[in-house]
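**Student:** Given next are the chains, with one letter for each unit.
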Amino acid sequence: MTWYSWLAIASLAICLAGCIYHLIRLIKLGKPKDYSRKSGSPGSGIIYSFTGAMNPVNKESAYLNLPTYIAGVIYHMGTFLAIILFFVFFFTTTLNKMITLPLVLFLFLSAIFGTGILFKRVTDKKLKQLSNPDDYISNMLVTGFQAATGIVLLIPDASYPVYMVIASLLLLYLPVGKLKHAIYFFAARYHIGYFYGWRNVWPAAKHSR
Amino acid sequence: MPTIEIEEKVFEIDGNGFLTKPEIWDGEVARLIAKYDGINELTDQHWAVINIIRNNYEEKGMAPMIRQICKGTGLKLRQIYELFPLGPARGACRVAGLPKPDGCV
Amino acid sequence: MEKTDDIKIKRGLDVLNSHKDSKLISHLNSCVHCGLCAKTCLYYLTTKDERFIPARKVELVSSIYRRYFTFTGRTFPGLVKARELDDKTVEEMVDLLYGACVMCGRCVQHCSIGVDIEYVVRKGREMLAEMGYVPGSLQSTVKAALETGNNMGISYEDFVDTVEWMEEELQDECNDTEARIPLNEHGKNVLYTLNPREPKFFPLSISAMAKVFYAAKESWTLSTNMYDVTNYAYFSSHPGEAKKIAQRMYDEMHKMKAKRLVLGECGHGVRSNRWEASNYIEKEFPFEAITSVELMAEYIRDGRIKPDKERIKDTVTLHDPCNLTRGSGVIKEQRYILKNCVNDLVEMTPHGTDNFCCGGGGGQLAMSEYNDRRLKIAELKIGQIRKTGAVIVATPCHNCIDQLIQINVTYNLNVQIKTLAEIVADSLPV
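Top line first, the protein sequences correspond to chains P, R and F. Every letter in the first sequence is one number past the one before it in this note's numbering, and letter 124, counting from 1, is 864. Every letter in the second sequence is one number past the one before it in this note's numbering, and letter 46, counting from 1, is 30. Every letter in the third sequence is one number past the one before it in this note's numbering, and letter 172, counting from 1, is 211.
A few of these clues could be false.
As the list claims (entries may be wrong) - Restraint ranges, calculated between C-beta atoms of paired labels, are given here:
1) F/N214 <-> R/E43: 25 to 31 Å
2) P/K768 <-> F/D290: 31 to 37 Å
3) P/P796 <-> R/E25: 40 to 46 Å
4) F/K348 <-> P/N795: 45 to 51 Å
5) P/K768 <-> F/K294: 37 to 43 Å
6) P/Y775 <-> F/N214: 44 to 50 Å
Calculated directly from the structure, the hints in this document are not laboratory data. C-beta: ideal position from N, C-alpha, C; glycine also.
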């Protein structure tokens, strides 16, 4: 095996260990004990939290900021696609031409949106004040990873070592920077779903809007 | 310390516009604060309310119950709300130079 | 501001380091700084001041958490802008967490991640309260409640005198000398609670609710010992003081041997007694605690009272208290009541779980320090009310009512402001 394969595998192991640490800590601390008499269903609240509450029609932060919202959604889809391809590449880097081109196009588009989000972060006064180096690094790593994935699909032999280094950096950074929201996003949504479900605020469809 | 200026007179107030030094209060101060709230003229009925509030404050260190204001002035509740549109606390007590009462007022 | 010292800092940090469950770390670790919450917040919408963006308030608390309790923040504080808990940080926390948040929870519903921003703000306030930095005017309201049993320091004699006075009003209104406002009667179905501003300054809502009880033939009582539905320590977020006030209500229910604790029209009073109280004292209530809004809706549904909506012909709009909708899931009941009691109900846009705070929430009304901001953020509510063309604004929260009374004058709105009990009482044929 090549040095960069070893590097990527080691990084993946460290990343998984970091993620498992966060996950175990969350599970160990456990779900909240609420002594109040519940009036709704925490279960339905949690389901709604991941479904209806994420619907842009219900989410003001989405429908008032549609361009950013769409860019964000595509950017995240690009990330998931790149992660899947990361595992595929362990077996082969040459895919059927019919699917290579749309994949490359999507990854590049997603990387462009990622760059756009980064650009907004630097130029928008309120976002700039809110941001820290971690935000910039995280964005650049993910955007770079997406673009590199696209390039590997086009010219595998020339780009694969560089790609593996970028992927390794991303994996090593994930558990310590803001990218750990990959785990905490689910935890936070679980908790607000539980909270609003318990109090019969969610699912919101029950109430007239 | 915030201040308020009415007709070229400056008073020290808390953020809610209540006097921070209730001892500087006099009839003229009452007239000025009332004017600031849009009450252009203090009638005898206004004064009846103000005097009861002021006396209670000087005796007991707090605003009286609305019950005492009604009893003492012979005014109906509704009349007091009409005399001071901001209500007995933010309206009448403020004009009477009291510090802001605690709670949801 | 008093300087921080090691003891204070330890007290503050302990709040971030004591975990009953995974809720706190979930919310402190998940904000991605997308900034999309800005437009959900009435402080940002009315002032366009970037400091007021909800994420900035979360960031204040979570940057301290990172500095002391995460690997990255301890090792490379600059990388994640981790902050020391020092004088400057404390000053900013007081200004933003106490002075620029109505704890309405609107941003939480719309957060792209699902951060419970309001909860994080409350945790930040809890740190400040443990360190002794609660704004003076808010703390004096808490102190009055702890020392006198009600947050306005009303004496027993004054309270009884006022209740007797309202009983006379009730007897006149009902034309029945048997109509009563019972005091300290044991074993009743309902123990009713009030906001102290009712006996002190606005007692008509007491006789209004008494008229509703009279019409429904309810077995009820008030307690002279504990009638205060508020818990201002919920706003100051001092857990020890909040627990003392919550415990007092719990004990009173046992003493009075009442079946149902009925919470008067007070948003945070409902929230703190219905939900937070059991958690403050870590005990489940063996009795039912419901809002007077739910109770009145129940009376109408069961045919125990028969409102005549022709008696209120003016256009009415409803202001939703945040702590009733997003805080307690009481959303349909107030609408059901109004649809049965008034001829013409016009909803504000938005309303229900999307409503805007009146501007007086989160303890703002009690805090003189931030008065100008409170009046400024009310612009949104003023615009919403104007658009409805309503003559009467009904709202089941005395805190909202007081803010509405003030902005009604400040912004020349010229509407009447009423509690739901007043509306229901007006709609009941005598």
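**Student:** Each hint needs a verdict: does it hold in this structure or not?
**Tutor:** Going down the list of hints, with the structure as the test:
At roughly 38 Å, the beta carbons of F/N214 and R/E43 sit outside the given window of 25 to 31 Å. In this structure the hint that P/K768 and F/D290 lie 31 to 37 Å apart at CB holds, the actual value being about 36 Å. Our hint of 40 to 46 Å for P/P796 and R/E25 is violated, since their Cβ atoms are close to 57 Å apart. As the Cβ distance of F/K348 to P/N795 is approximately 36 Å, the hint placing it in 45 to 51 Å is violated.
In this structure, P/K768 and F/K294 meet the distance hint of 37 to 43 Å, their C-beta atoms being roughly 41 Å apart. For the hinted restraint 44 to 50 Å between P/Y775 and F/N214, the CB-CB distance of approximately 46 Å keeps it satisfied.
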